[in-house]
Amino acid sequence: MTLIEAVLLTVTTAATPLLLAALGELVVERSGVLNLGVEGMIVMGAAIAFVAAKMTGNPYFGALLGALAGCAFSLLFGFLTLTLVTNQVATGLALTILGLGLSGMIGESYVGEPGVQLEPISFPFLSELPLVGPLLFAQDIIFYLSIAAVIGVSWFLFRSRLGLQLRAIGDSHGSAHALGISVIKTRYCAVMFGGLCAGLAGAQLSLVYTPQWVENMSAGRGWIALALVVFASWRPLRVLAGAYLFGAVTIGQLHAQALGIAIPSQFLSALPYLATIVVLVIISRNRRLTLMNTPASLGQPFVPDR
Amino acid sequence: MRIELERRPSHSALFSVLSPFIALALTVIAGAIIFSAMGKNPVHALYSFFIEPLTEVWSLHELAIKAAPLILIAVGLSVCFRSNNWNIGAEGQFIIGGVFGSVLPIMFHEWNSVLVLPIMMIMGMIGGALYASIPAFLKTRFNTNEILSSLMLVYVAQLFLDWIVRGPWRNPEGFNFPESREFHVNAILPEILPTSGRADWGIMFAVVATILTWFMMRYMLKGFEVSVLGQSARAGRFAGFSTTKMVFFAFIFSGALAGLAGISEVSGSIEQLQPVISPGYGFTAIIVAFLGRLNPLGIFAAGLILALTYLGGEAAQISIGLPDKIARVFQGLLLFFVLACDTLIHYRIKIHTAERANVAGEGA
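Quick note, the sequences are listed as chains A and B, same order.
According to numbering that gives the first Met the number 0, the first sequence is numbered sequentially starting from 0.
According to numbering that gives the first Met the number 0, the second sequence is numbered sequentially starting from 0.
Hint data in this document are derived by calculation from the structure and do not stem from the laboratory.
We put the CB at the ideal spot given by N, CA and C, even for glycine.
Take the hints with a grain of salt, since some may be wrong.
[Claimed, not checked] Not the full set, but computed from the structure, chain A residues with beta-carbon under 8 Å of chain B: (1) Val84; (2) Trp222; (3) Arg284.
[Unchecked claim] Footprint (simulated), chain B over chain A, 3 or more residues, beta carbon under 8 Å: (4) 86 to 92; (5) 99 to 111; (6) 177 to 185; (7) 224 to 231; (8) 272 to 280.
So that you can see chain A by itself, here it is in the shape it has in the complex (with noise of 0.2 Å):
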């Protein structure tokens, strides 16, 4: 393997869990739902995906379990929102602040254990291409899974009449719920959509990325998964080219670090988080485009009448 592909095998690593992070949080901003709980749901995953892969000696079944974790801990989420109509930002961050504590209670006995690591799956012939080889065909099932996603997503948003229906729910739920859409339903199926690919995004930190359990190892991934999905203004390919920016900005750092650029490392560090920014505010300076893209019924409560 050639140096490069070594490298752009790290940067599709640190990718994954942010795209399959912000994808799922796309499709409940779409529906019109703002869950800022995607920390506390990959952390969640994280440390359930671990613990199970342990137990059993399968990472598969941990994976599963760390997808089905995240999705339980959004419906948590679901009802508050939706059924009891609460708040949806401090709602979120109860999720985060729940999420980093279980998590870590549930991890507490297993810091500094060995993990089972999710092996890759090769294509025959395929993986043996140069360059691309490795890189596409060559890889473990939480990769395969994100690709997936972006395309079935792409094709549920803009092509199917499910996906019609949850744009038209996230800009107008008093018209979509007028039209007979049932708006409370498609929103938790959204919500829990966003809480699986968030759990998935936890399984792959700790069964791909570093197999090992390590507290509050989500870093802060969530949040910046939900500034890509501004960054994407609501589109999965946008999110799916944001997100290898951002694992290539995470990637750059941590070569940076090994080279021992005269830099301190926690300089090296703060770039993604301080990229973030720069990229917010590069996205959201045209207000007229923002407004334009934005999901109109994005965070507002909805209790219909009857």
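Given the structure of chain A, go ahead and fit chain B onto it with the hints provided.
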């Protein structure tokens, strides 16, 4: 089964008062379930988590130490949230306040004067306010989402503190430990009642901030402006209030209080800079703000309750051998229950069983 909400004609005064207490009760019940699930006697565990820290005078001092930063930050955040500005980065402003306030005792440590402490406190407030004005500037100038920008700045602040403590400000006589030099006695916030415990004047800052903010929100035009712009930016503009100025006011106000909390913590209970100076006060304060229903007086009480979860977490670790992360779990649960119970203020909750739901459907 189906749950339906029915909007109350006017908000329920009864539940306004009761809902935080219902939330607390539910949190205790959930806590009992968690303790049982972890194989501990729930009564014993709850006692050592919530009651034991209150039974001795020295631990009441500890409670004040933990409550002071929470109340200071949350009082500031309440003004911010009321004006519909979402400053989620108080943790970062706390840290930068601590660093800014430490410039004097670390870089000019030979200078001994009674003026050191007041200048430190003011510097801390300036540091927090400046750091908080970054998301405010980005929001007003570039329309940038303040939730995300203020949060990203938390990570940046944490890394900055880590760097400055390990690098330029590392104690030359500190045997290479990653910490700054210890503060001179003039730079240490004095204790209030040194005979009975180590609570410092930080708690008095919290009392003063609570009263002043309460007064401002209730009797001053600025407080009215905060509420009007928070409820309807449009209505506020008709009244001649500026949204842009309000964004800056809210962020600088909350940032300054978070910064004051930061430097009080550093000069009061830590007495030097360390790579980590906050056990998540900035985030917990968000819960405090909501539990206190964004009212300074309520926040004071809520701050004491949340401070108890920190002490309870330590107690859980020492006396019943549970990880101290359980404090965070309690905090998260409490916020969930607070938010859920607030629904009772504005809505009646109707639970339909399947059969009744059908009847209701036919009726409609």
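Results for each hint:
1. Val84: holds, 6 Å
2. Trp222: This hint holds: Trp222(A) lies near chain B, its Cβ roughly 5 Å from the closest one there, short of 8 Å.
3. Arg284: Holds - the Cβ of Arg284(A) comes within 8 Å of chain B, reaching about 5 Å at its closest.
4. 86 to 92: Check passed, 5 qualifying residues.
5. 99 to 111: n = 6 at 8 Å, threshold three: holds.
6. 177 to 185: It is violated: at least three residues are needed, and the stretch 177 to 185 of chain A offers just 0 whose Cβ sits closer than 8 Å to chain B.
7. 224 to 231: holds (count 3)
8. 272 to 280: Check passed, 6 qualifying residues.
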